[in-house]
Amino acid sequence: MLALTEKLLSSAGGWQAMKAARALVQAGRVGEAAYEPPSLRGEVREGGKKYRAGLRIRSATDVENLCTCRESREWGKVCAHSLAVGLVVLAPPPGDSSLCETRVSADVASRASDVDTRASQSEASTGRWRLVSKENATAALHAILPPNFASAWERGQIMVVVEAETGGRRVLLDALADAELDERDLALAEQLPHGLNTVSGAEFLALLPILRGHPRITFGREKPARISPEKRRPRLLVKLSTEKVVISAERLPNELFLIADGEAWSLRGGEFSEVGAGLPASLTNALREPVRRGLELFALEWPLWREVVEIVLPAGMTPPEIGVAEPKFTLQLEGSLQHLRARLTARYGERPPFVPMTEPEKNFA
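For reference, each letter of the sequence shown is one residue, going 737 to 1101 in the working numbering.
What the hints contain is simulated information worked out from the structure, not anything from laboratory work.
Treat the hints with care, since some could be wrong.
To be verified - Distance condition first, Cα-Cα at most 27 Å in a straight line; then the derived DSSO-like pairs of lysine-lysine: (1) K959 <-> K975; (2) K785 <-> K967; (3) K813 <-> K975; (4) K980 <-> K959; (5) K870 <-> K743; (6) K813 <-> K870; (7) K755 <-> K813; (8) K755 <-> K785.
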């Protein structure tokens, strides 16, 4: 097991990202953190958004960023959000009004059981609401999703209504002047502070982990909704087609895949199940509709995809294998001191040279 250290984090992200990460930790922006090798995962709030951040640490030199932020998705950089999660795992902050709770491996269950005790000893205040134990709460919040959720998802605008039940009646959250809420309701109120909240698909998926375990989520006011604690592993069916493969997702009856910004969930029978976050576009495309991939690209993607999905190969097809080859680089310089042109090419084995990073289908010996 590779030990998590500040040196490893700094090497992965650089000093500038580490500086920003320390600022996030000091501001109490890290709400949850866990390190179960090789995965480091957590949640970070910044600028009104909540990111699911973390790293997959295979070795000191093989670190993959899992954060859902734009910097990570578009540039592949190890961002400050993921580094902040690592810093909190290494040095959990003392309990304060940020309600930051660090979960590290086996400590999850014991820390969760202490929530009510901590709340009764020291109530935390957040705007109009105060955190108290479940027994002392003066209001109970209801999260109401659109009755025809599939249509709302297709439009990309999901209306989430939050009602507060107090004194035997239910009112919109805006009408609640102040209240004492338990931990789950306070988390809901912090994310959806109004009675009527319109969110995008990506914002809705980021909300689901926060709602996991909440007892009062419905489609409309009657049909129960549930966020499953278990992950869903979809089956991808592979068919051979003229030196290419056709990959399609096998859907269960009445199943809808919810995909936005590299995050994927499944909705079936009123239950939301997480597929994964920080997923490559090639995989999320395959979950949406059948895709065609070259055999070489499929061989490259196979080991990454099967971490979150089950891949079913046709009869007679063996799992693709990737061999490691050492590239030979050639740098060609042309021109003069006033105008210089450089061309860097790489060669694997006997294959023709190609420009690195621009032709992924040729990155094989």
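Now the hints, each set against the structure:
1. K959 <-> K975: 39 Å, violated
2. K785 <-> K967: The hint holds at about 23 Å.
3. K813 <-> K975: 34 Å, violated
4. K980 <-> K959: 44 Å, violated
5. K870 <-> K743: 41 Å, violated
6. K813 <-> K870: 41 Å, violated
7. K755 <-> K813: 15 Å, holds
8. K755 <-> K785: 20 Å, holds
The structure does not agree with the numbered hints 1, 3, 4, 5 and 6 stated previously, though it agrees with the rest.
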